[in-house]
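Heads up: the sequence lines are chains A and B, in that order.
Going by our numbering, 289 is the number at position 289 of the first sequence; the sequence numbering is gapless.
To convert a position in the second sequence, counted from 1, into our numbering, add 1000.
These aren't lab readings, by the way, just hints derived from the structure by calculation.
Using N, Cα and C, we set each Cβ at its ideal position, and we do this for glycine too.
Please note that a few of the clues may not be correct.
Said to hold, decoys possible - Covered, in the sense of this in silico footprint (three residues per stretch, anywhere, with C-beta under 8 Å from a C-beta of chain A), are these stretches of chain B:
#: 1; segment: 1078–1090
#: 2; segment: 1097–1107
#: 3; segment: 1302–1308
#: 4; segment: 1314–1327
#: 5; segment: 1341–1348
#: 6; segment: 1351–1357
Unchecked claim - With a straight-line cut-off of 25 Å between C-alpha atoms, the simulated BS3-like cross-links for lysine-lysine are:
#: 7; chain 1: A; residue 1: Lys46; chain 2: B; residue 2: Lys1277
#: 8; chain 1: A; residue 1: Lys474; chain 2: B; residue 2: Lys1298
#: 9; chain 1: B; residue 1: Lys1277; chain 2: A; residue 2: Lys474
#: 10; chain 1: A; residue 1: Lys309; chain 2: A; residue 2: Lys114
Said to hold, decoys possible - Residues of chain A clear of chain B, computed beta-carbon distances all greater than 12 Å:
#: 11; residue: His58
#: 12; residue: Lys157
#: 13; residue: Lys210
#: 14; residue: Pro278
#: 15; residue: Ala293
#: 16; residue: His294
#: 17; residue: Gly329
Below are the chains, spelled out letter by letter.
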Amino acid sequence: MSYRQATYDEPLISEMRSGSTYRIPGDASAAVLEDLPGEILRKDLKLPEVSEYDVVRHYTRLSQMNYSVDLGIYPLGSCTMKFNPKLADMISTFEGFSGIHPLQSEETVQGSLKVMYELQEYLKDISDMDAITLQPLAGAHGEFTGILIVRKYHEDKGDLQKRTEIIIPDSAHGTNPASAAMCGFDVVEIPSGPDGTVNIEALKAALSGKTAAFMITNPNTLGIFEDRITEIAKLVHDAGALLYYDGANFNAILGITSPGLMGFDIVHFNLHKTFATPHGGGGPGSGPVAVRAHLKDFLPVPVVSMKEKRYFLDYSMKKTIGKVSSYFGSFNMLLRAWSYIRYHGSDGLSENTLDAVMNANYLSKKLSSGFRIPYKPLKKHELVLSTEGTGRKALDLAKYLIDHGIHAPTVYFPLIVHEAMMIEPTETVSMNDLDNFAEILLKSLDVDEAELKKMPRNLSVGRLDDVKAAKDLKIRWD
Amino acid sequence: MSINKDQAEMLNLLGVKDKLELFSDVPQSVRKPSFRLDRGISEHEVLLEARSNAALNRGPGMLNFLGNGIYDRIIPASVDSIAGRTEFLTSYTPYQAEMSQGVLQSLFEYQSMMCQLTGMDVTNSSMYDGFTALGEAVRMAYRINGKTEVLVPECIYDGKLQVIKSYLEGLPVRITKYAMDAGTGFLNLDDLKSRINGDTCAIICEMPNGLGIIDQNVPKVQEIKGEALLIAYVDPISLGILRAPGEYNADIAVAEGQQLGIHMSYGGPLLGILSFKRDYIRKSPGRLIGETVDVNGKRAFVMTLQTREQHIRREKAMSNICTNQALMAITATTYLGIVGPGGLRKIGTMTYKNAGDLGKRLRGMKLAAKDQFTGKSFSDVLIRFGSDQGDLREKLLHKEVLGGTTLAGLCAAAGKKFPHSHFFSVTEKTTTAEIEKLAGILEGI
Chain A
1 MSYRQATYDE PLISEMRSGS TYRIPGDASA AVLEDLPGEI LRKDLKLPEV
51 SEYDVVRHYT RLSQMNYSVD LGIYPLGSCT MKFNPKLADM ISTFEGFSGI
101 HPLQSEETVQ GSLKVMYELQ EYLKDISDMD AITLQPLAGA HGEFTGILIV
151 RKYHEDKGDL QKRTEIIIPD SAHGTNPASA AMCGFDVVEI PSGPDGTVNI
201 EALKAALSGK TAAFMITNPN TLGIFEDRIT EIAKLVHDAG ALLYYDGANF
251 NAILGITSPG LMGFDIVHFN LHKTFATPHG GGGPGSGPVA VRAHLKDFLP
301 VPVVSMKEKR YFLDYSMKKT IGKVSSYFGS FNMLLRAWSY IRYHGSDGLS
351 ENTLDAVMNA NYLSKKLSSG FRIPYKPLKK HELVLSTEGT GRKALDLAKY
401 LIDHGIHAPT VYFPLIVHEA MMIEPTETVS MNDLDNFAEI LLKSLDVDEA
451 ELKKMPRNLS VGRLDDVKAA KDLKIRWD
Chain B
1001 MSINKDQAEM LNLLGVKDKL ELFSDVPQSV RKPSFRLDRG ISEHEVLLEA
1051 RSNAALNRGP GMLNFLGNGI YDRIIPASVD SIAGRTEFLT SYTPYQAEMS
1101 QGVLQSLFEY QSMMCQLTGM DVTNSSMYDG FTALGEAVRM AYRINGKTEV
1151 LVPECIYDGK LQVIKSYLEG LPVRITKYAM DAGTGFLNLD DLKSRINGDT
1201 CAIICEMPNG LGIIDQNVPK VQEIKGEALL IAYVDPISLG ILRAPGEYNA
1251 DIAVAEGQQL GIHMSYGGPL LGILSFKRDY IRKSPGRLIG ETVDVNGKRA
1301 FVMTLQTREQ HIRREKAMSN ICTNQALMAI TATTYLGIVG PGGLRKIGTM
1351 TYKNAGDLGK RLRGMKLAAK DQFTGKSFSD VLIRFGSDQG DLREKLLHKE
1401 VLGGTTLAGL CAAAGKKFPH SHFFSVTEKT TTAEIEKLAG ILEGI
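Isolated chain A (complex conformation) (with noise of 0.2 Å):
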């Protein structure tokens, strides 16, 4: 075991104190504030006094106790974290883009305005969808805007009134219930079936004329193809209600099938997970939401058209449901999705995708050796295997993976499979390197189960004690 993570004693940047250095151009003196009256005046203002230096030396070694997609496999399930291309951080660093402010007149940002145009024909061509808005500013808020517009759809039918429900199976993302709810829904959970997708009867007895959609991600968060999909659509759709594509887990499907071909109405893309756009230690992520024709109107202003080889700002959809964030979406990341989808094409999407599901069912294989892997032995993009039976919990593993240096997969998600371990490894990962997670994972088996409880202990600090943190509730420095 060679593998030890950078280790810092590294105090917090408020309690440095080497004095800023950093210059400011200009010739301010407080005299210029007499006119203003003494009582809307700051007195004082506790900053952190530090050099550039020390700032820049305090970033850099916390980014190395740190780890990232550039370090390794990052096989968070539904996390989609593959290889985030450097091309798109050159591209993003363009003045004539980073440069460009959201109030400039149209004929100023054409190449902005192009960019976007194109990305949204290239994700409505993969979605086989008809219109697209790319406000939203992440999976979630793409969900709350999806919402929306099944609220709008429903209200403008005079129905909305009735319609009052959302269904959402027990495997679903935990975002799909709260969008619902914060959009005034309330939530029918349904069971999933034996071999893991929905199951219909549930889903028939639950559907009625109180349905406004039913919401599901497929393949769903087991790793499972809801091969009845289009049984789904028509139970749905005879039911008066709308049809809801989660995209977190567009990457096991992108080119083989749609939710446009599936029978969807609405459906969210998670740039950050499926175009590789970096996903920043936790955000900025991008959520564009793509309907049916018939949902066009309801779309967020405005959405990016096109008249005579002119981009331009187009607010004519009369039934909008308004606006959902600041200005048209986050652009950084929308270029980078552009890059990233011109860069692999059709044959390169097609090709990301058949070697994630690949990636995916090769680990279920290899792991299955040791664990048990519940549902349908065919996998998608990811896999989520129990530790149930195996003596050990599946925290414990997951301590024994970081201490090993491999990022470990989401656990005890989702719900409905206990000590589960969700496995998403994408495509950008070598068999060397699958075999080696497996090898270490399965090894972690052999360990008694007390020292895997002293695990980490390569990494910068041990074991955390959550508890302590809720309990003693620090959220700042003081």
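Got chain A sorted already, so can you dock chain B onto it with the hints?
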């Protein structure tokens, strides 16, 4: 389909002929027949195409008087260097805390610095942008007191109001506007007071307000707010010189953090700053990073109070937010660390000085109306012209100047009440020569 040697071995172990066989569960009826999308191209070709697209944009290098929430401020080179570090850029949400202390500590520092800046007790580890953070703040206020009316200034930007409305869909909360004083440009305290009653959930005050003015009545709202919550929407740079919302008893403070070292990038990604009083923690949305210790007693950081969040609480969560703006929060932290309190004070002072100089110069023009607001601008200087200026933005653009955003374009109602009003925004970068050049161009129109 391409297959290399490793892949052949993998397929062999899986017992399938080719990769496509792994999709036998996808019915033929839903198989995608084709793309309109082109096939892939080389990195070099994408780069050339991106360059030519960037060249279709104009703006950088031009005289820039655009603002109203997003500003072209100085960004220290070190900020980009840190924000571009691959360990921060390409990591995920810090679910494995022991392996992610870098991001966790940086976000804890963000929370700490934002509390210092806003004078509030708690700041979460970021929201998407200023407008959505404001929408979440109103939802939070409703969770706190259950009351049903939110008061907003009549000069609030339409886009901001639309986002608040989107966030209130599904809640029984209505929005009512209160008036601004036509002389000073401050909020009208009497009008606001007359609208506060037992149903008032929250009062949104902007500082500076939608007219760009340092609103001297905002700190006085604490005296009349009664049971209602005060939500202050503030400019973070202005806090270098102006009182912090925590000092005038704001219950929740919200800000757009783009100015803190983040490039404009046509309006995204941005940074939503959400701060509040300690009593409201359990009603608050978003992630919180807390201090703890490891098994050896060493200080360390974790995500905490996650039972408020969607992945644990599902439909009972405080919000659906999951991905936030962590990298932007780290960027803002680095920015504040580098400029320091003296730097921020100077940036605020320079901005205020430049706004004063620009206002004085432009209001002295013949074109300007006699009637101007007497309140002082912070960075967005609203100039009321004596007559309709036609498409002023267009005319300025011909002279390679960005600016002249209409008040009507940002807030239709305020634009109607105060016609022929255009904004010219300044930053610490703006020079006397630039102001003079702008004035010369305007006088020549």
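message = Which constraints among the numbered hints does this structure fail? Numbers only, ascending.
response = Going through the list in order, the structure violates hints 11, 14 and 17 and respects the others.
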